[in-house]
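Protein chains in written order, with the UniProt record's numbering: chain W, 1 to 221; chain P, 1 to 221.
Hints listed in this document are in silico derivations from the structure and should not be mistaken for laboratory results.
Note that CB positions come from ideal geometry on N, CA and C, so glycine has one too.
Check before you lean on any hint, since a few could be wrong.
What the hints assert, rightly or not - What follows is a set of in silico ranges between Cβ atoms, one per label pair, in the way DEER data are often shown: (1) P/A121 with W/V23: 54 to 60 Å; (2) W/V197 with P/K217: 41 to 47 Å; (3) P/T123 with W/G108: 37 to 43 Å; (4) W/T185 with P/Q118: 28 to 34 Å.
Unchecked claim - Calculated Cβ distances over 10 Å to all of chain W for the following chain P residues: (5) L12; (6) I68; (7) L69; (8) P79; (9) E120; (10) C122; (11) N126; (12) T160; (13) S164; (14) S200; (15) A204; (16) I207.
Stated by the list, open to error - Only some residues are given here: those of chain P computed to face chain W with a beta carbon under 8 Å: (17) M1; (18) L42; (19) Q44; (20) I142; (21) K158; (22) I166; (23) Q181; (24) Y185; (25) L186; (26) Y189; (27) G193; (28) F196; (29) L201.
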Amino acid sequence: MSYISFLSEHGSRFIDGALITGVQFFCSLALAAVIAHVFGLVMLSSNTVVKSFAIAYVEFFRGTSLLVQLFWLFYVLPLFGITLNNFLTGFLAVGLNLGAYGAELVRGAILSVPRGQWEASYALSLSPAKRMRRIIIPQAIATMLPAWGNLAIELLKSTALVGLIAVPDLMFQARELNNSTYLSTWTFGTALIIYYVSARFLITPCMRRLEKIMARRMGRA
Amino acid sequence: MQWDWEFTAEILPKMLWATVNTLMAAGIGYVIAAVIGLLFALAQRTPFRSLTFIVREVVEFIRSTPLILQIFFVYYVGPEYGLWLSPWVAGMIAIGLHYAAYLSEVYRGGIESIPKGQWEACTAINLTMAQSYRRIILPQAIPPSIAGMGNYLVSIFKDTPMLSVIGVEELMQAANAVGGQNYRYLEPYTIVGVIFLIISLTAASAIRGFEGWIRRKLGME
C-alpha cells in the first residue's frame with residue numbers, strides 16, 4: 001500500500017480529527033484569554049483577599065500537570081455529581097490551565113505600561129474602568145501579543161491531550177487508526193505534520209498579522 | 001463521595017514509590033535534553049549553512065508538535081523498522097528530544113547575549129574554538145540561562161505523566177492502576193495533584209535560590 005492510497009482511504013479521519021482539534025483550540029483559547037485577563041487584573045488589585053485567590057489559582061494550575069487536571073475533572077468531578085461531557089471537560093481543562101499561564105503575561109504586560117500613561121489618565125480624570133479599557137489594556141495587549149503567539153502554540157499542543165479522554169480529536173484519530181492499521185509511521189507522521197503545519201503556517205502568521213495591526217493602531221509601526 | 005483516609009494510607013506508599021520513578025524520568029530526560037540541546041545550539045552556530053538550516057527546522061518541528069504524539073511516534077515507529085524500544089527508553093528519547101529543542105533556544109539566547117568583544121578577546125589571545133567556548137563563552141552564557149533552564153526542569157517534571165500512555169510506571173500510571181483496581185479515582189488522582197503541586201512549587205523556589213547563588217558565585221551581582 002502506498003502512502004497516497006493510505007491517505008485516500010483514511011484521509012477523512014484526519015480531517016475530522018483536525019476539525020475537532022480546531023474547535024477545541026478556539027474554545028480553549030477563548031476561555032484562556034478570558035481567564036488570563038480576569039486573573040491577571042485581579043492579581044494587581046489592592047484587595048488582598050481576591051488577590052491571594054488569584055495568585056493561588058495561578059500557582060495551582062501552573063504547579064500541577066495539565067494531564068492530572070484533565071483526569072481529575074473527567075474522573076473525579078462526576079463522583080461529586082457534576083458530570084460534564086468529554087468535549088466540554090477537554091477544553092475546560094486546557095483553557096483553565098493555559099489561562100493561568102496567560103494571567104502572568106497579562107500581569108507583566110500591564111505592569112510594563114509606562115507610569116506616565118497612568119498619570120495622564122488620572123490627569124484627564126478618567127474613571128478606573130475607562131482608564132483600563134481605553135488607555136492601559138490596549139497598550140498592554142500590544143506588548144503581550146508576541147508572548148501570546150507562543151502561548152497559542154502551547155495551547156494547540158495541549159489540546160492533543162483531550163484525545164486521552166476520548167474526544168475524537170486529531171491525536172485520538174491517529175491513535176485509533178494506528179490500532180487498526182498498525183501503520184505507525186504514516187498515521188503518527190501525518191498527524192505530526194498536520195499539527196506542525198497548523199502551528200507554523202496558520203497560527204504563527206495570524207499572530208504576526210495581529211501584532212502588526214496592533215502596533216499600527218498604537219502608532220508604533 | 002467521601003474522602004477515605006484509610007484507603008489513602010493504604011495507597012500512599014505505592015504512590016510515593018511511583019514518585020521516585022517520576023523524578024527519575026524527569027531527571028534522566030533533563031540530562032538528555034541538556035546535552036542534546038547544547039549540541040542543537042552549537043550546531044546552529046557552525047559555518048555550515050545547510051547544517052544550521054536543518055537543525056533549525058528540526059528544532060521548530062519538535063517545538064510545534066505535541067509531546068504526546070512524539071511519545072507515541074517514538075514508541076510505535078521503532079518496531080516497524082525492527083527496533084523494539086522499551087517504554088522507558090522510548091519515553092526518555094521522546095521527552096529528551098522534545099526538551100532539547102526548548103533548551104537549545106535557551107542556550108542560543110545565552111550565547112548570543114555575550115558581547116562581541118569577548119569573542120574578539122578570545123581570538124586576540126589565540127584561544128581555539130573549543131577553549132573559547134569552554135573557558136570564556138559558556139561560563140558567561142550559562143548564568144543568564146539558569147532561570148530558563150530551571151523553568152524547563154519544572155516543565156519536564158510536569159510533562160512526565162504523559163509517559164503513562166505508553167506504560168512507563170510513573171505516578172500517573174500508578175494512579176490509573178490503583179484507581180482501576182479499586183474503582184476509586186478520587187484519592188489517587190488527588191494525591192497525584194498534591195504531590196505535583198508540592199514538588200513543583202519547591203523546585204521553583206529552589207531554582208530561584210540557585211540562580212541567585214550562582215550569580216553571586218560568579219561575581220555577577
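Tested hints:
Between P/A121 and W/V23 the beta carbons are some 56 Å apart, a value that agrees with the proposed interval 54 to 60 Å. Evaluation of the 41 to 47 Å hint for W/V197 and P/K217 yields a pass: the beta carbon distance comes to about 45 Å. Look at P/T123 against W/G108: about 39 Å separates their beta carbons, and that is inside 37 to 43 Å. Here the CB-CB span from W/T185 to P/Q118 is close to 45 Å, at odds with the stated 28 to 34 Å.
Here P/L12 stays apart from chain W, with its beta-carbon at least about 17 Å from theirs, past the 10 Å limit. Here P/I68 does not stay apart from chain W, with its beta-carbon only about 5 Å from theirs, under the 10 Å limit. A Cβ of chain W approaches the Cβ of P/L69 within 10 Å, the least distance being about 6 Å, so the stated non-interface status is violated. The non-interface label for P/P79 is inconsistent with chain W: the shortest C-beta to C-beta separation is roughly 8 Å, within 10 Å.
Distance check for P/E120 against chain W: the nearest CB is about 32 Å away, which clears 10 Å, and the non-interface claim stands. In this structure P/C122 is separated from chain W by more than 10 Å, as the shortest Cβ-Cβ distance comes to about 33 Å. Residue placement check: P/N126 keeps its beta carbon more than 10 Å from all beta carbons of chain W (closest about 41 Å). A Cβ of chain W approaches the Cβ of P/T160 within 10 Å, the least distance being about 8 Å, so the stated non-interface status is violated.
At roughly 8 Å, the least C-beta separation between P/S164 and chain W is not larger than 10 Å, which violates its mark as non-interface. Once the 10 Å rule is applied to beta carbons, P/S200 is inconsistent with being away from chain W; the minimum gap is 5 Å. Its beta-carbon lying about 8 Å from the closest one in chain W, P/A204 breaks the requirement of being farther than 10 Å from that chain. No beta-carbon of chain W is positioned within 10 Å of the beta-carbon of P/I207; the least distance is around 13 Å.
The restraint placing P/M1 at the interface with chain W holds, with a minimum CB-CB distance near 4 Å, inside the 8 Å limit. Of the supplied interface hints, the one on P/L42 is violated, with its beta-carbon coming no nearer than about 24 Å to a beta-carbon of chain W, more than 8 Å. Because the beta carbon of P/Q44 sits about 18 Å from the nearest beta carbon in chain W, more than 8 Å, this interface hint is broken. Because the closest C-beta pair between P/I142 and chain W is about 23 Å apart, greater than 8 Å, the hint is violated.
Proximity of P/K158 to chain W holds as hinted, the smallest CB-CB distance being about 4 Å (cut-off 8 Å). Taking 8 Å as the C-beta cut-off, the interface hint given for P/I166 is violated, the closest approach to chain W being about 11 Å. For P/Q181, the shortest C-beta to C-beta distance to chain W is roughly 14 Å, which exceeds 8 Å, and the interface hint is violated. Evaluation of the P/Y185 hint against chain W yields a held restraint, the C-beta minimum of about 4 Å falling below 8 Å.
The interface hint given for P/L186 holds, since its Cβ lies 5 Å from the closest Cβ of chain W, which is under the 8 Å cut-off. Hint status for P/Y189 relative to chain W: holds, with the closest Cβ pair at about 5 Å, below 8 Å. For P/G193, the interface hint holds, the least distance from its beta-carbon to any beta-carbon of chain W being 5 Å, beneath 8 Å. The criterion of a C-beta within 8 Å of any C-beta in chain W is met by P/F196, whose closest approach is roughly 4 Å, and the hint holds.
The interface hint given for P/L201 holds, since its Cβ lies 5 Å from the closest Cβ of chain W, which is under the 8 Å cut-off.
Hints 4, 6, 7, 8, 12, 13, 14, 15, 18, 19, 20, 22, 23 from the list above are not met by this structure, while the remaining hints are.
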